[in-house]
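Starting from the known structure of chain Y, fit chain E onto it as the hints suggest.
Listed here are the chains, written in short residue letters.
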Amino acid sequence: MLFIVKHDNTVLCGVLDAVSGGGKGERMAGTPSCLESTCQDQAHEEPDTADGSASGRTAQTARAFVRDYMAFLLPRDLNSLWTIGAMLMAVLVLMLLSGLTLALTYTPDASLAFSSVETLERRVPFGWLLRSLHMTGATFFMAALYLHVFRGLWYGSYRAPRQGLWSVGTVLLILVMVTAFAGYVLPWGQMSYWGADVAGKAVGAIPLVGNTLEGVFLGGESPGTATLHRMFVLHFTLAFTIVGLVLLHVAILHRRGSTSPSGAAGQDRARMLPFHPYFTVKDGLGVVVLAILFTLVMCFWPGLVTEAANYRPANPLHTPADIEPEWYFLPFYGMLQAVPSKFFGLLVSGGAVAILLVVPWLDRGTAATFAAGRWGGLRWLPRVALGVLVCSCVLAGLAGRHHVQGVWLLLGRLATVGYYLYFLGFLPFYSRLVGREARS
Amino acid sequence: MATRMSPIARPFTRIRSLAALMLPVLAGAGVFASVAQAAPPPGTPAHAPAQNWSFKGPLGHFDLAAVQRGYAVFAGVCASCHSLTQVQFSDLGAMGLTSDQVAALAASWQVAAGRDAEGHLRHRKATPDDMLPRPYADADAARAANRGAVPPDLSRITQVYPGGADRVYALLTGYKPAQTLPLATGPDAAVRRVPARPETGFVNPYAIGHITAMPPPLRDNAVPYADGTQPTAQQEARDVTTFLAWVSIPHADDKRRLGVGVGLYLCFLACLLVILKRRIWSHVTK
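In order, the protein sequences belong to chains Y and E.
Residue 233 in our numbering sits at position 239 of the first sequence; the count goes up by one each step and never skips.
Residue 130 in our numbering sits at position 129 of the second sequence; the count goes up by one each step and never skips.
Since the hints were derived computationally from the structure, they do not count as laboratory data.
Quick caveat: nothing in here was measured; it's all calculated off a predicted structure.
Treat the hints with care, as some may be off.
What the hints assert, rightly or not - Selected chain Y positions facing chain E (in silico; Cβ < 7 Å):
| no. | residue |
| --- | --- |
| 1 | 112 |
| 2 | 116 |
| 3 | 122 |
| 4 | 172 |
| 5 | 175 |
| 6 | 271 |
| 7 | 275 |
| 8 | 278 |
| 9 | 279 |
| 10 | 286 |
| 11 | 289 |
| 12 | 294 |
| 13 | 305 |
| 14 | 306 |
Stated by the list, open to error - Which residues of chain E face chain Y? A partial, calculated answer using Cβ under 10 Å:
| no. | residue |
| --- | --- |
| 15 | 177 |
| 16 | 253 |
| 17 | 255 |
| 18 | 268 |
| 19 | 275 |
| 20 | 278 |
The beta carbon of each residue, even a glycine, is placed where N, CA and C say it ideally should be.
Chain Y extracted, bound-state conformation (with noise of 0.2 Å):
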């Protein structure tokens, strides 16, 4: 290994100067990243790959890459919330292999795909394993997501410089959601037959272009093998459509550096710490504790993410009294409702994710203008607004539950201009006060 802790807490190998004894960083405040004891460690390697073949090089370099990562500088103050994206990477990495296993005995026919899941279950060897592996890794990874998305917006995650990192994430974020969609599908159960009527019906309800796209999505009138099919193909191909991103997503962090809790404080370098150990130990153990709750669910709690509905085969005939998506569809779910018009109904709650995209634009404060001043000091408006952003997510999703009838009808339209209030007002407002009172 790289660094390597001694009895004494003393780590090898160089990157250590930045942080201990009494947080001695001054060797380390100068160098862009840990360059300089990287170039070290390489000098000394040199005899051992020095007979200069192409593997040796492709070695070199991969384990240059590793170091470099490794000692990756992070600001020491980041809290839990930040562990996050480690316990994503575990769930991906997760899906990944038990969606692949899956795929060997899933059969994409509207015929087939219902008991070939069955057989999944019920016979092939550790089939139940994976089959709850993957659905409770489903929900975990939007609930993880979620968390992530909250904790960018909490801490200003997308402000300067990391606006293309936010960017990179948003896109990720819808990727996963049309992936989880597509994933919900192929059981070929009530629900995912009748949800994919729902999400054609929608997208039919686009002007214009509206019926082209409706059959292109279920490839017919109504689902069918057809749109097994597409399911499958875009299920499969999206997934490492999303390694890839996750990957860019990852590269752009290390070129921006990390956020932290702190702000402007915590970017000073000489307070950083490299990833490998301090982060890697901490990661760690945020990804065992996930993996803890992960395995309460799975084997305790499976009803919390199973839908019953769903183990009835695909029944175009019988339409279910509630036609209900997976809950972190809900608030979505809840906002397509509250408005009248299929069309704009479909605008407002796609348009609730979009808005994301933008965010880091609507939001045009830094860090520094937030450091200052009166608007900048009442440092509770923004978590007030935050709360009520997140309390209307909550209440839309409630909503869509209780499918926008009666009284939820006025609450999810509260909830929607509630969520749609935070970005498009709030963020510019605040931001622009707040920078006002910083010129003046």
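What follows is chain E alone, placed relative to chain Y:
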């Protein structure tokens, strides 16, 4: 710019403030939810009393003896109308049978084996690799044989049937004579008499509309029990419900067992990681 609060304590205070923000809203939602919930319309199935099942709760496990007795009830009574389309005979080995016993069990069933030269249906003894045969070729045949009702498939019945195992048991044991059935409760509840004629169905407060097309299926000594348990109608209902719950989620016990092991291991690992984290971070000044 050193903060006094430790980074571990800080997120908690924030989460607390967030929870304080959300509480009134959630409470308001709860009030609205209770307002929105109207009185149940007449004909709503009665609430099934909770039973003390062996498989109940996160740490329950299936009583395999009851599952096996339940299989006997299913094979002797239910299977004449209901299918288990997703189940193979080999799957039944997991209720505690050896492969020989599974083969013998399968051989007691007849499955279709194509047609002979004259076009008549041929049958053969089932093997462990066969699916359980369906009692009716299709939904139309089922409808014709059951006065317009299609007996539901039982592969996942305790999962998909609202009310689960409790309601399946209540339905099996809850048949009422026609005269005693109040259709609604409340001050203006009119006790409507429902005729218990075979054309309309049978009175059962746990069925939708309090009428079910299924005749009372169980009676005392309907099937012989090999293990000496007294086959009363109650006992048969308990056992067949246990069997149906098991066949709905046959690997639930494996999962719970795995969960205990993995959970304990992960807790141990988490303890080690907490120690390691504290040690590595011990000399980092805030």
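Do the hints match the structure? See the list:
The interface hint given for residue 112 (chain Y) holds, since its Cβ lies 4 Å from the closest Cβ of chain E, which is under the 7 Å cut-off. The criterion of a C-beta within 7 Å of any C-beta in chain E is met by residue 116 (chain Y), whose closest approach is roughly 5 Å, and the hint holds. With its C-beta approaching chain E no nearer than about 4 Å, residue 122 (chain Y) sits inside the 7 Å limit, and its interface hint holds. At about 28 Å, the closest approach between the beta carbon of residue 172 (chain Y) and any beta carbon in chain E exceeds 7 Å, and the interface hint on this residue is violated.
Proximity of residue 175 (chain Y) to chain E is violated relative to the hint, the smallest CB-CB distance being about 22 Å (cut-off 7 Å). With a least beta-carbon distance of about 5 Å to chain E, the hint placing residue 271 (chain Y) at the interface is held under the 7 Å criterion. Residue-level restraint check for residue 275 (chain Y) holds (minimum Cβ-Cβ distance to chain E is 5 Å; threshold 7 Å). Annotation: residue 278 (chain Y) was flagged as interfacial toward chain E, and the flag holds, the nearest CB pair being 6 Å apart, inside 7 Å.
Annotation: interface hint on residue 279 (chain Y) holds; nearest CB of chain E at approximately 4 Å, less than 7 Å. Given hint, residue 286 (chain Y) at the interface with chain E, holds; its Cβ is 5 Å from that chain's nearest Cβ, closer than 7 Å. With its C-beta approaching chain E no nearer than about 5 Å, residue 289 (chain Y) sits inside the 7 Å limit, and its interface hint holds. For residue 294 (chain Y), the shortest C-beta to C-beta distance to chain E is roughly 3 Å, which falls under 7 Å, so the interface hint holds.
Checking residue 305 (chain Y) against chain E by beta carbon gives a least distance of about 4 Å; that is within 7 Å, so the hint holds. Interface hint status for residue 306 (chain Y): upheld, as the beta-carbon distance to the closest one in chain E is roughly 5 Å, under 7 Å. Below 10 Å, beta-carbon pairs count as interface contacts, and residue 177 (chain E) has none with chain Y, the closest being about 26 Å; its hint is therefore violated. With a least beta-carbon distance of about 8 Å to chain Y, the hint placing residue 253 (chain E) at the interface is held under the 10 Å criterion.
Restraint check, residue 255 (chain E) versus chain Y: the minimum CB separation of about 7 Å is within 10 Å; hint holds. Nearest Cβ of chain Y to the Cβ of residue 268 (chain E): about 6 Å, under the 10 Å cut. The hint holds. Of the supplied interface hints, the one on residue 275 (chain E) holds, with its beta-carbon coming within about 7 Å of a beta-carbon of chain Y, less than 10 Å. Taking 10 Å as the C-beta cut-off, the interface hint given for residue 278 (chain E) holds, the closest approach to chain Y being about 5 Å.
Violated hints, in rising order: 4, 5 and 15; the structure is consistent with all others.
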